[in-house]
Amino acid sequence: MSGRLTITVNDILKAKNRIHSCVHTTPVFTSSTFDESYGRKFYFKAENLQKTGSFKARGALNAVTVLKEGESPPKGVVTHSSGNHGQALAWAARMRGLQCAVVAPNNSPNVKLDAIRGYGADIVICDPTPTSRQETCHRIGRERGFHFVPPYDHPDVIAGQGTLGAEFLEQIPELDAILVPTSGGGMVSGIAIAAQALKPDLKVFIVEPNGKDVEKCLRAGERLWPNPPRFLETIADGIRLQQLGHVTWPIIRELVQKDVFSVVLS
Amino acid sequence: MASTLNGFPVTLDDVTSARDRILRHLHYTPVLTSSTFDSKYGRKFYFKAENFQKTGSFKSRGALNAVTKLVEEKQERVVGVTTHSSGNHGQALAWAAQHCGLPCNVIVPRNTPTVKIDAIKGYGADVTLCEPNPTSRAETCAAICSEKNYVYIPSADHYDVMAGQGTIALEFLEQVPMLDAILVAASAGGMVSGIACAAKQLKPEIKKPFGKDLERCLREGKRLWPEPPQYVDTIAEGIRIQQLGKLAFPIVLSLAEKEVFTTTNAQIVEGMRFAFERMKVVIEGASGAVIAAAMSKRLRRMDGRLRHVGVILCGGNVDIDHIPWLPTREA
Numbered sequence: 001m002s003g004r005l006t007i008t009v010n011d012i013l014k015a016k017n018r019i020h021s022c023v024h025t026t027p028v029f030t031s032s033t034f035d036e037s038y039g040r041k042f043y044f045k046a047e048n049l050q051k052t053g054s055f056k057a058r059g060a061l062n063a064v065t066v067l068k069e070g071e072s073p074p075k076g077v078v079t080h081s082s083g084n085h086g087q088a089l090a091w092a093a094r095m096r097g098l099q100c101a102v103v104a105p106n107n108s109p110n111v112k113l114d115a116i117r118g119y120g121a122d123i124v125i126c127d128p129t130p131t132s133r134q135e136t137c138h139r140i141g142r143e144r145g146f147h148f149v150p151p152y153d154h155p156d157v158i159a160g161q162g163t164l165g166a167e168f169l170e171q172i173p174e175l176d177a178i179l180v181p182t183s184g185g186g187m188v189s190g191i192a193i194a195a196q197a198l199k200p201d202l203k204v205f206i207v208e209p210n211g212k213d214v215e216k217c218l219r220a221g222e223r224l225w226p227n228p229p230r231f232l233e234t235i236a237d238g239i240r241l242q243q244l245g246h247v248t249w250p251i252i253r254e255l256v257q258k259d260v261f262s263v264v265l266s
Numbered sequence: 001m002a003s004t005l006n007g008f009p010v011t012l013d014d015v016t017s018a019r020d021r022i023l024r025h026l027h028y029t030p031v032l033t034s035s036t037f038d039s040k041y042g043r044k045f046y047f048k049a050e051n052f053q054k055t056g057s058f059k060s061r062g063a064l065n066a067v068t069k070l071v072e073e074k075q076e077r078v079v080g081v082t083t084h085s086s087g088n089h090g091q092a093l094a095w096a097a098q099h100c101g102l103p104c105n106v107i108v109p110r111n112t113p114t115v116k117i118d119a120i121k122g123y124g125a126d127v128t129l130c131e132p133n134p135t136s137r138a139e140t141c142a143a144i145c146s147e148k149n150y151v152y153i154p155s156a157d158h159y160d161v162m163a164g165q166g167t168i169a170l171e172f173l174e175q176v177p178m179l180d181a182i183l184v185a186a187s188a189g190g191m192v193s194g195i196a197c198a199a200k201q202l203k204p205e206i207k208k209p210f211g212k213d214l215e216r217c218l219r220e221g222k223r224l225w226p227e228p229p230q231y232v233d234t235i236a237e238g239i240r241i242q243q244l245g246k247l248a249f250p251i252v253l254s255l256a257e258k259e260v261f262t263t264t265n266a267q268i269v270e271g272m273r274f275a276f277e278r279m280k281v282v283i284e285g286a287s288g289a290v291i292a293a294a295m296s297k298r299l300r301r302m303d304g305r306l307r308h309v310g311v312i313l314c315g316g317n318v319d320i321d322h323i324p325w326l327p328t329r330e331a
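In the order they appear, the protein sequences are chains V and Z.
Quick note: the first sequence uses my numbering, first residue 1, plus one each step.
Quick note: the second sequence uses my numbering, first residue 1, plus one each step.
Chain V on its own, in the form it takes in the complex (with noise of 0.2 angstroms):
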């Protein structure tokens, strides 16, 4: 498959009508202390006190809002996810008045799992492997009669997300670059598809766990991850994924900076 979806900042314009008046405009944060010891001017943009904990409400809810404003909307969603997609979808189904089911890796923080069922969603456990989590999904899909989300690899979600550096620019028009942490690359595709319309000049670097290796794949301009597609070794479940997704990976490879920060998190 060549080139990539054409995914504009239109798309990311209309995510914002459809999400605005339930998803939270977060604060930005300052800390002179951190700009004193690290030479810089720098804003956090605060998702972890977005809806849900995390910014991923925000590509779920669009997702979930274009489903349920479409010709013949699902009984339901599905979907796979270490915990913040798929706390994010329950919430945004319950939302829009759909049943959602979530497939869970055995080894799941507890919380994270209370949380989606918080929300209303069916929880179906399978094996810690990228692959695993896949296949159960499509089977609950297929059972159910629900309508697979997934966690980046889908326009909905990557605008969903891009809300986000459209707010940011607006806060803070004088951002010269922004640093996303990144797993499938929803939120970087998203903010950068933003960027590029808003504020060209931006740079949009990744902030990716050890052994991603993003940079290498990005200068070589060529996919070089090992198959079947593994989780990495650290602390931050939510950045295990070792492969960016597939939609996303040529949005990244033309928008996004080469130089990649890598941090060892184990």
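Mixed in with the good hints, there may be bad ones.
Claimed, not checked - The list that follows gives simulated cross-link-like pairs (lysine-lysine, DSS-like), each with its CA atoms no further than 27 angstroms apart: (1) V:Lys258 with V:Lys41; (2) Z:Lys280 with V:Lys16; (3) V:Lys16 with V:Lys216; (4) V:Lys14 with V:Lys68; (5) Z:Lys40 with Z:Lys246; (6) Z:Lys44 with V:Lys16; (7) V:Lys216 with V:Lys14; (8) Z:Lys297 with V:Lys41; (9) V:Lys41 with Z:Lys280; (10) V:Lys216 with V:Lys258; (11) V:Lys203 with V:Lys216; (12) Z:Lys280 with Z:Lys297.
Hints listed in this document are in silico derivations from the structure and should not be mistaken for laboratory results.
Go by the hints and put chain Z onto chain V.
For chain Z alone, kept in the frame of chain V given last:
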């Protein structure tokens, strides 16, 4: 002896002047909401996040107003400032003094968390340790005043400090004009006095740790606490003082509600856990106490017309290696 107020010792003008003096040096802190909390506790709650304030608590407002005003009025004759503090006011005063280019000496009880002592030193102030009781604090501070000719800026019982804290109310009412009530943690009462004076039309309700007996004092209109001043046994080390200040007491008596919310350590922990886990904010014990008041059966039973309730998250200066529900992490 309590007397009724003739007018307000801290006027709305004092508070708006304070705001003009300090606003550009401080954060206009956000108001956070939680739909989970609202559905569980049956009202709309608004959390004013002063834990995000400069120096990690609302105290920087009062400290900066008092020091700035002092310098405006006395100029070269001010050699330095001093105070005694369990931590947050000490840090705030050190920061305010540094901001205004003044030396500062803070008297701190010797059992104050190290993180708070380090923070005070981090702003360039000297620290003098004293015994952990109100009398030793006052005496050690007085000694520093006379030795170094520094001006004493108390943490609460000072009208310029109260006016500074009152700016919280101005902001809060701008952000949430429909507030019916505000829950405020009280130690010596500087914040609740400032907020009460600024928000005359509102109904500030006072939150206190168990053992303070504030409600009894308010209902009888008298300072009933034993002398000498005591500390209350609570994990919320920011609100340990049993007595309200002498200037604060008449204001609180006149303007605050007589119903006072009491909290135990277990309730404080529950409040803190909610903030950490569900709201993703770091708060210290005193803020946990106010959340516990918002969760309380007592509030539940109160007037249903109190639809919009403000909760002041006064500070976030916790030692992250000494979180109450976690095992202590050895350095």
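For each hint, the structure was consulted:
no., hint, in the structure
1, V:Lys258 with V:Lys41, "holds (22 angstroms)"
2, Z:Lys280 with V:Lys16, "holds (24 angstroms)"
3, V:Lys16 with V:Lys216, "violated (34 angstroms)"
4, V:Lys14 with V:Lys68, "holds (15 angstroms)"
5, Z:Lys40 with Z:Lys246, "violated (38 angstroms)"
6, Z:Lys44 with V:Lys16, "holds (25 angstroms)"
7, V:Lys216 with V:Lys14, "violated (34 angstroms)"
8, Z:Lys297 with V:Lys41, "violated (45 angstroms)"
9, V:Lys41 with Z:Lys280, "holds (24 angstroms)"
10, V:Lys216 with V:Lys258, "holds (9 angstroms)"
11, V:Lys203 with V:Lys216, "holds (18 angstroms)"
12, Z:Lys280 with Z:Lys297, "holds (24 angstroms)"
Checked against the numbered hints given earlier, this structure breaks hints 3, 5, 7, 8; the rest are met.
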